[in-house]
Every structure is written in structure tokens, then in C-alpha cells.
Amino acid sequence: MLTILGGLLALSIGAGFIGALSGLGGGVFIVPGLVVLAHIPMHVAVGASLISVVATSAGASVAFVRDGWTNLRVAIILECATVTGAVTGAYMAGVISPPVLELLFALMMLQSAWFAMTRHGDEILAQSDELCERLRLGGQVPDDDGTMRPYGVVNLRGGAALMVIAGVMSGLLGVGAGAVKVAAMDYLMKLPLKVSSATSNFMIGVTAGAGALVFLARGDIAASVAAPVALGVTAGALAGSRVLPHVNVGALRILFVIILVLIALEMGWRAYSRI
Amino acid sequence: METSIQTGEEDRILRTWTPLILRTILILSSVILVVGVAQTIVKAPGFYVQRFRAIQQGHLHAGESLATLAAGIRHGDSHAITTIGLYVLTLVPLVRVAFTFILFLKERDFVYVTATAYVLAGLIAGMMLGRIG
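Going down the list, the protein sequences come from chains E and S. Anchor point for the first sequence: position 257 equals 257 in the working numbering, and the numbering is continuous, going up by one each time. Anchor point for the second sequence: position 66 equals 341 in the working numbering, and the numbering is continuous, going up by one each time.
What the hints contain is simulated information worked out from the structure, not anything from laboratory work. Cβ coordinates follow ideal geometry from the N, Cα and C atoms, glycine included. Where hints are given, some of them may not hold.
Sample of chain S residues with no beta-carbon within 10 angstroms of chain E, all distances over it, derived [what the hints assert, rightly or not]:
#1 R326
#2 A345
#3 L364
#4 P368
#5 R371
#6 L380
Pair ranges (Cβ atoms, derived) [said to hold, decoys possible]:
#7 E284(S) x P99(E): 27 to 35 angstroms
#8 I124(E) x R328(S): 49 to 57 angstroms
#9 I124(E) x K381(S): 14 to 22 angstroms
#10 A329(S) x R149(E): 50 to 58 angstroms
#11 I124(E) x V309(S): 29 to 37 angstroms
#12 L265(E) x T343(S): 37 to 45 angstroms
#13 G333(S) x T3(E): 17 to 25 angstroms
To give an idea of the chain S side of the interface with chain E (calculated C-beta under 8 angstroms), a few residues [claimed, not checked]:
#14 L289
#15 Q314
#16 V317
#17 A373
#18 V394
#19 A400
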């Protein structure tokens with residue numbers, strides 16, 4: 001028993017650690033880890049991962065919310081879109097065959113790899129567009145010299161449309177889909193880089209929670225797997241966030257991308273050979 | 276001007292209470308999960324291996340009712356304790372969204388009351404959808 005439990009914990013701690021360092025979250029790494037290495041069925045791995053994503057999001061959000069990096073109003077409005085997608089995705093996960101899910105997961109990993117390679121610098125807008133102004137979505141971020149600088153938010157409709165897709169991916173594949181959420185807020189809504197990361201992290205808890213509730217109510221969460229995975233990924237993510245300020249993430253990015261592409265190819269091949 | 280004062284006060288309350296809610300539920304669920312896993316190691320190692328192998332074969336034993344789980348906890352059943360820990364963890368988004376809903380309702384900020392009510396309804400609908408299958 002200790003071998004199985006120790007193996008699950010080691011796998012989860014590793015996934016949480018790499019997920020925190022890469023900024024992609026533990027779900028991207030724990031699902032393939034459980035499927036390929038622990039021979040857990042895909043839908044069980046997805047359920048366990050969703051639970052762990054809820055835990056890591058809550059843990060990581062505490063400091064971001066307290067320090068003002070999370071834009072709570074943007075999060076609340078966009079959660080309407082992500083929850084709709086997540087519930088739909090989690091429901092679909094119960095009817096889609098495991099090989100198709102694995103193939104979709106492989107494609108999602110390639111998208112995450114592309115995102116990790118192409119994420120670029122900040123472009124802060126001084127003014128929100130009319131809709132975002134009416135919803136009071138703008139905020140303030142500290143400048144290099146510590147003075148608070150206001151930022152505007154635009155294109156809420158475009159961002160919300162991408163958030164529905166992020167929600168479906170989360171509920172269907174058991175990931176936080178942070179790569180899509182951050183891309184929507186960075187590229188479409190023009191939020192500052194750190195604000196979009198913190199806000200995405202905060203929203204991930206509700207998105208994954210919506211999916212986890214569907215799985216839990218359906219009886220698709222295996223406590224024997226989900227409990228050690230949740231504890232392990234949370235511990236790994238905590239360690240990763242502590243190490244993060246002391247490592248050169250830019251240099252590690254290539255390594256993360258190689259790992260993502262290799263896992264995507266392995267999962268894609270497994271799925272393709274069974275379809 | 277009135278709107279910005281209201282927004283500032285709402286934000287202050289959210290930034291104070293939200294981290295507290297997140298941390299409290301996370302710690303509570305982690306403690307329950309650790310107790311459940313530790314008790315499994317001590318009391319039911321063979322049962323765990325048996326259940327893990329069944330899961331690998333795609334056989335799940337989940338879907339217990341809350342009444343069954345409560346009875347399991349009274350008898351010190353490690354599986355029931357672990358499952359309750361997972362349930363508590365999923366309360367994180369529910370409680371957090373319910374809190375913001377109440378706050379916005381109190382402040383009569385109806386755009387955000389509607390948004391949080393929608394999210395809350397989505398979470399509850401997800402549970403009901405899962406029950407249906």
C-alpha cells in the first residue's frame with residue numbers, strides 16, 4: 001500500500017511543483033501522469049485533477065487577493081462564462097470515450113506549450129471601453145517606483161467567449177485552463193500581465209470547482225486517488241511558488257515546453273492507437 | 276462619486292474576507308484528508324490496495340449518500356473521512372461565491388448580484404446535473 005500511496009504522492013508533488021514553476025498549473029501534468037504512469041482511467045484522473053486544481057487555486061489566490069493583484073470584478077463577471085463552460089464540459093466528459101478525451105488532452109497540451117513560448121510583455125491601457133467602464137472593471141497596479149498606475153480593460157465580450165472555451169476544457173479535461181484564461185485577459189482584454197495571471201488563478205478555483213461538483217455528484221471521484229493527489233499537488237505547488245522567485249524561469253521555459261510536447265505526443269499516440 | 280466610494284468599500288471587504296474564507300476551508304479540508312489518509316495507512320492498507328486495483332480496472336465505489344458517509348465517520352471509516360474531506364474542499368468555490376453574492380446584495384450592487392447569482396446557480400446546477408448522470 002505504501003508503494004502505491006508514495007508513488008501517487010511523489011507524482012502529485014512533482015506535477016504541482018512543475019505546474020507552479022511553469023505557470024501552467026498542476027492539472028496539465030497530473031492527468032497524463034496518472035493515466036500513463038499509474039494506469040488510472042482517464043475520467044478518474046480528470047476528477048482527481050479537478051479536485052487538486054480547486055485546492056491549488058485557493059492556496060495561491062490568498063496572497064494575490066490580499067495584495068490587490070487579483071481583479072475581483074473581472075473575475076466575477078468572467079466566471080459567468082467559465083462556469084457555463086465547465087458544467088457543460090464536465091457533463092460531456094461522462095459521455096465522450098476515453099481515447100477521444102486523451103486526444104483532446106494532447107491537443108490542449110500543445111496549445112499550452114505554444115502559449116508558454118509566445119507569451120509577451122505588457123501593454124497597459126489608460127482607459128476602459130464603454131462596457132468595462134460601466135461595470136467598473138478597471139484597476140490599479142504599482143509602477144516600478146511604487147506609485148499606483150491605473151489600467152483600463154477592453155473587449156469583455158471577446159474575453160468572455162474565450163472563457164466559455166476555457167471552462168469547457170477545464171470540465172472536460174480536468175485542468176485549470178489557465179493558459180487560455182491568461183491569453184484572453186492578456187491579448188483580448190489588455191489586462192496587465194501579473195493582474196491577468198493572478199485573476200486567472202483566482203477564477204480557476206470556481207471553474208474547476210464547477211467541474212468537480214459534477215464529477216462528485218455523479219460518483220466519478222475516487223477518494224483513494226483524489227485525496228493523495230490533492231494533498232500532493234497542493235504541497236508541490238506551495239514548494240514551487242516558494243522556489244519561483246529564486247530561479248530563472250525563462251531558462252526553464254524551453255524544458256517545460258519539451259516536457260509538454262513529449263507528454264502530448266505520448267498521450268496522442270496512445271489515444272490514436274485505440275480509436 | 277458615490278459609486279466609487281461604494282466600489283472601494285466593497286473591494287476592501289472582498290480583499291479582507293476572501294483570503295480568510297479560502298485559507299480556512301483549505302486548511303480544514305487538508306486536515307480531514309490527512310487524517311483520512313493516515314487512518315487508511317494504519318487501519319485498512321489491504322482494503323486500499325484492493326480499491327486502487329479496482330479503480331485501475333475502471334470500477335468505482337463512489338456515489339455514497341451523505342447519510343452513509345456520516346454513518347461511516349461515526350464508525351471511524353477512513354474512506355468516509357477522506358470523502359468528506361473532498362466534499363469540504365469543493366465548498367471553497369461555493370462559499371466564496373455565496374459570500375460575494377451576499378455582500379453585493381447588501382450593498383445593492385445589482386449588476387454583481389446578478390453575476391454572482393448566475394455563478395452560484397451554475398455551481399448548483401452542476402451538482403444536480405451530476406446526480407442525474
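To see whether the hints hold, each was checked on the structure:
no.: 1; hint: R326; in the structure: 5 angstroms, violated
no.: 2; hint: A345; in the structure: 15 angstroms, holds
no.: 3; hint: L364; in the structure: 6 angstroms, violated
no.: 4; hint: P368; in the structure: 3 angstroms, violated
no.: 5; hint: R371; in the structure: 7 angstroms, violated
no.: 6; hint: L380; in the structure: 13 angstroms, holds
no.: 7; hint: E284(S) x P99(E): 27 to 35 angstroms; in the structure: 53 angstroms, violated
no.: 8; hint: I124(E) x R328(S): 49 to 57 angstroms; in the structure: 54 angstroms, holds
no.: 9; hint: I124(E) x K381(S): 14 to 22 angstroms; in the structure: 33 angstroms, violated
no.: 10; hint: A329(S) x R149(E): 50 to 58 angstroms; in the structure: 57 angstroms, holds
no.: 11; hint: I124(E) x V309(S): 29 to 37 angstroms; in the structure: 43 angstroms, violated
no.: 12; hint: L265(E) x T343(S): 37 to 45 angstroms; in the structure: 43 angstroms, holds
no.: 13; hint: G333(S) x T3(E): 17 to 25 angstroms; in the structure: 21 angstroms, holds
no.: 14; hint: L289; in the structure: 5 angstroms, holds
no.: 15; hint: Q314; in the structure: 11 angstroms, violated
no.: 16; hint: V317; in the structure: 11 angstroms, violated
no.: 17; hint: A373; in the structure: 11 angstroms, violated
no.: 18; hint: V394; in the structure: 5 angstroms, holds
no.: 19; hint: A400; in the structure: 6 angstroms, holds
Of the hints listed earlier, those the structure fails to meet are numbers 1, 3, 4, 5, 7, 9, 11, 15, 16, 17, in rising order.
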